[in-house]
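In the order they appear, the protein sequences are chains A and B. Under my numbering, think of the first position of the first sequence as 67, with each following residue one higher. Under my numbering, think of the first position of the second sequence as 2, with each following residue one higher.
Worth flagging that the hints you see were computed from the coordinates, not collected in a lab. Positions of the beta carbon are idealized from the N, C-alpha and C atoms, including for glycine. Among these hints, one or two may not hold up.
To be verified - Each computed DMTMM-like pair below joins lysine to aspartate or glutamate, with the alpha-carbon atoms no more than 25 Å apart:
no.	chain 1	residue 1	chain 2	residue 2
1	B	K131	B	D88
2	B	K131	A	D340
3	B	K131	A	D232
4	B	K131	B	E177
5	B	K131	B	D172
6	B	K131	B	E116
Stated by the list, open to error - Rough simulated footprint, nothing fancy, chain A against chain B, three-plus residues with beta-carbon under 8 Å:
no.	region
7	19-25
8	92-98
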Amino acid sequence: MMATSFFDYGFLVRALIAGAWLAVLCGVLSPFIVLRRMAFAADGLAHASLGGLALGLFVLRSGPTPTAATYVISFLFTCLVALAIGYFARRVQSDTAVGACYVAAFAFGVTLLAARQRGLGHLENLFFGSILAVQPLELWLLAGLTVVALAACFVGWRWLGAWTFDEELARAEGVPVVALRYGLMLLVAATVIVATRVVGVLLVAALLVLPGAVGCLSARRLQGIVLISTLASLVSALSGMAASNAANVPPGPAIVLCAFGCFLAAFTASRWRDRRAFRPPPLIPTA
Amino acid sequence: MHATDCTALTVTGLTLDLDGRRILSGVSFTVRAGEFLGLIGPNGGGKTTLLRTLLGLLPSTGGSIAWADRDCGHPRLGYVPQRVGVDAHFPLAAAELVQQGADGLLPRFGARRREAQQRGDELLARVGLKRQAATSFVHLSGGQQRRLLLARALMRRPDVLLLDEPTAGVDAEGQEQFCGLLRELSREGITVILVSHDLPLITAHADRIACLNVTLHWHGHARELDAATVRAAYQCELQRYQLRQPINPTNP
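Can you build the whole structure from these sequences, using the hints too?
Laid out in structure tokens, this is it:
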């Protein structure tokens, strides 16, 4: 397809813009999720969002295309799951709480979708995304969320830095760690719901974890980590869409595979760098 | 003694219950500005809990904590915890973590950023970690990590430093250097409250000692600490510890 004809198709342009917004959004959030060891919680919320989307579709009796009301119901449901995880984590390990809540929410969603399947058509779009079907509403939601995430990151930069190091030390330094934790969970909840359209509920967690992992493997300063994470996320989204177009495969999995490729590259580079830095001296001195 | 007449901290009748168990009971003492206070006591005696309560991390059940008096103003607190909750792959470098300790909210740019970097470098040099500035926190030894946490706490320009067993697991030379640095800071006017199990070290460096075992058993000059006081606080003989200061022979 030639470049001139590409821009003639509105759905392709919308897909490109949606991919770019989502990449920046996930790229900014991802380092904090990785550094605070909340990857499993993010994955859990992504799965739990299916319950919210299913509830929205079930209550509103709408078709397979989510509306603004569907997103609001889904967001409230996912926030409820996040609060439940926080509540259960008081008595059990936090990963146990995440594991218990997300499977329940996911099963709830599958049950509701099974009850409404006749009117919903292709349900795999919810699971694996359909970026080419992105609507202007989702573009605006993604843009708004990205602006909120960037602004929150800028305003609370120093707090976020202290929080990623140690929660109790940050509290002693006057950082509102509870607000930061819930703020990040709310942003993740909103992101996974809107990102469902792009990569689906099963794959969105990859975009919330892999770019941050790439950043953490590649830089030693927080600014560098966030910058590399955002760049890796953008490269993954754009190259994934290009690969999807070229190989005629679904864009969601292609984006995630490209993100995993970035992770592998960063992992290999990190190992090579460490091996060079810590090369032991030869046991037998050479003449 | 480098303490001034200005009171940095007044604790009155501090009581704290956790999960139905009394951890601190009627603890009262004062610390003067610039004083080096050593806090000793057996495990479970409430030393760390007292520090966390002073920092506002735990709510007290009763009593009061008053920082400074009206003339001195509210002090800025620096905290060096026993350990930090990072895993083996935490990537951030020493210099970055020290600079994060500075007050403020927004990221710094231009001259302010250079100023913070310069101060961070100075503090790293002061705690002997200049060469490790670019090293990841997790690649530092235990002793180096504690010194880095001290540099981070100093980045806030604190009036009071609270340290929770910073010399635990550190070799003898490292302990002496660390306490020597705390002594220097005390001379510069920073109030130091140090929790430690190392009685010879703490009696050698601290101005005053507080013996805590749920209640405050004793609070006085380091040179006046004797075996009977230690025995009462720890509720056992501590023959391993040869207190460096002479013990009052009339009070065995």
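| query | Regarding the pair K131(B) and D232(A), is the alpha-carbon distance no greater than 25 Å? | reply | holds (23 Å)
| field | Restraint status (C-alpha distance of K131(B) to E116(B) at most 25 Å) | value | Measuring from Cα to Cα gives roughly 17 Å; hence the hint holds.
| request: Below or equal to 25 Å on CA atoms is what counts here, so check K131(B) against D172(B). | output: holds (20 Å)
| Within 25 Å, alpha carbon to alpha carbon, are K131(B) and D340(A)? | Given that 25 Å is the threshold and the Cα spacing comes to 21 Å, the pair holds.
| task | Mind taking a look at whether chain A covers the region 92-98 of chain B? Criterion is 3 or more residues with CB to CB distance under 8 Å. | result | Contact hint for the region 92-98 of chain B vs chain A: holds, 5 residues under 8 Å.
| request: Verify the coverage statement for the region 19-25 of chain B against chain A, using a C-beta to C-beta distance below 8 Å and requiring 3 or more qualifying residues. | output: Since three or more residues must qualify, the claim that chain A covers the region 19-25 of chain B is violated, with 0 doing so at under 8 Å.
| field | Given hint D88(B) paired with K131(B) - CA-CA distance at most 25 Å | value | Satisfied, since the Cα-Cα distance of roughly 23 Å is no more than 25 Å.
| Taken at face value, is the distance from the CA of E177(B) to the CA of K131(B) at most 25 Å? | Answer holds: K131(B) to E177(B) is near 19 Å, not above 25 Å.
Violated hint for the displayed structure: number 7, the only one.
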